[in-house]
Amino acid sequence: MLVGTLDLTIILVYFAVVLAIGYVSMGKIKGFEDYAVAGRRLPIVFLFATMAATATGGAATIGRASQSYESGIVMFTATMGFVLNQVLSGLFLAPRIRAIGKLYTVGDVMGFYYGRAAHALTGVFSFLYSVTLFGVQLLAMGRILQTITGLPLVPLMIAGSAFTILYTGLGGMWAVIYTDLLQFIVLAFGITTAAMVAIHAAGGVTALVSKLDPVLMSPAGDWPSSQILAIFVAFLLGEALAPYFVQRYFSTKTPSDTRWGVTLFGSYYGFYTIVVIALGLSGVVLLGDVEPDLVLSSIVRDFLPIGLRGLVFAALLAAVMSTGDSILNNASVIFTRDLYQRFFRPSASDKNLLMWSKVSTIFIGAGGVVAALSLPDVFELLIYTYTLWAPSIIPPLIVALLWGAPKERRVSPWAAAPAIVAGIVTTFLWGEKFLGQPLGIPAVVAGVAANLLVLAIVHAATSGRDPRGAFLPEEVDAS
Amino acid sequence: MSAWSLLVYASAAIVYFAVAATIWGFIREVRAKDLD
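So the protein sequences, as listed, match chains W and L.
Here the working numbering is used: the first residue of the first sequence is 1, the next is one more, and so on.
Here the working numbering is used: the first residue of the second sequence is 1001, the next is one more, and so on.
Chain W on its own, in the form it takes in the complex (with noise of 0.2 Å):
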């Protein structure tokens, strides 16, 4: 076990704040609305705490400050394709995605603009998508709990989903949000003190800098300029309009609280990534050679106090929870409504609606577990559902929002599915299995080029026809 009493009684007491936060929010609960878009009613510094605390999980602080300490402050580079795409997000699309109307989910917003069948194509993608990134949030919370008590790697990941699940279930998204409120602190604050901490015991920036290898702390590295792209590339699009940030932009009571909110939190993003990757940094003159993924519990372990090392446990703890929460949520809301909703009980009531949201969140936090643990095949082909989100759902979806005004639908409701289908066909077959990426354009690229290609080519062919059937957009409750 790597921490003494101590900080073994303050990761447990953390434990218990979590939980009575998802008891008390139960209260909040008086329906589906306020299950899947906290009624509505968020400020905008509640905004920027989910946001970052579901953004800053297990890859963006163990796994960023594992790869700085491989690769140095290329991965700052990489990363701001992350920032940019957050800041141009909040600034051009987020704030036109709330002002459509009372909406929950991507699938709402494609069906506004695209019809039935943009939207149920759309549902069944964020919903793999936000299943299977519960799955990775659950693997990553089971290896921190194994480094912090040394116990086997099932039973804990088992006892940590549980945890989870029994929080987000019982509060919905005002648990999630008020858990990630306290998320955020403590993993904000916790990973920075351990950033300082880390810095000063290597003789400050300025002796640290010195001592490093100058590839390390060059912003191309070593890496050739294709894989700088593809990486940057990855984070540009790869969480673009992700589900679980469209519904939080759907929680605010206005656009322009949803504008500065998710503006705010990219351009915070940015800073807390220089915290990271300092601390990854640190690990480089602190730990000589050790495996990169045990960096940052390795820092914890050897150079932090008693006391302050149970809390960057929890902190860690916290990464990976409140971004597992965040997405466990979402996949209910997104099953509810996008799938329960749409082609099973049309007229289903609210009582209903959230009766479903609340055993959805049940059975689906027990499928990621079983996913992650005992069918990692089929986990492989849901993490392909991951990569293909940018090069099928985001061109259609930032196209329709970006031409004219605020709500016009100009582009033709008959583009959407062709374009999906040819993205996600060009990325299948340009990628490694098939064509092997030629001339060094990433799969993902050659997606949003075919996405785009067709989409203006039936957009052309159609926008004199009027919509029908599947094609028709939906109408939503503007207020």
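Take these hints with a grain of salt, some might be off.
As the list claims (entries may be wrong) - Computed list of chain W residues with no C-beta within reach of chain L, every gap over 10 Å:
1) P155
2) T192
3) S226
4) D350
5) L373
6) R468
7) P473
Stated by the list, open to error - FRET-style restraints, in silico, Cβ to Cβ:
8) L1006/L / L84/W: 14 to 24 Å
9) S374/W / L1006/L: 32 to 42 Å
10) G31/W / A1021/L: 45 to 55 Å
11) R1031/L / L453/W: 53 to 63 Å
The hints are simulated quantities; they were obtained by calculation from the structure and are not laboratory data.
The beta carbon of each residue, even a glycine, is placed where N, CA and C say it ideally should be.
Start from chain W and add chain L according to the hints.
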């Protein structure tokens, strides 16, 4: 102080500031009972 030091310490200060602002914002919202 080198440019690297300035960048790292300024970033850490901004993260701490974001934490303080979040706590302040939370207290303000709860006092205003705007969330009920």
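Verification of the supplied hints:
1. P155: Holds, since 33 Å exceeds 10 Å.
2. T192: violated, 5 Å
3. S226: holds, 28 Å
4. D350: Consistent with the label, D350/W stays out of reach of chain L, its closest Cβ about 19 Å off (over 10 Å).
5. L373: It holds; L373/W is separated from chain L by about 35 Å at its closest Cβ, greater than 10 Å.
6. R468: holds, 43 Å
7. P473: holds, 34 Å
8. L1006/L / L84/W: 14 to 24 Å: holds, 23 Å
9. S374/W / L1006/L: 32 to 42 Å: violated, 50 Å
10. G31/W / A1021/L: 45 to 55 Å: violated, 31 Å
11. R1031/L / L453/W: 53 to 63 Å: holds, 54 Å
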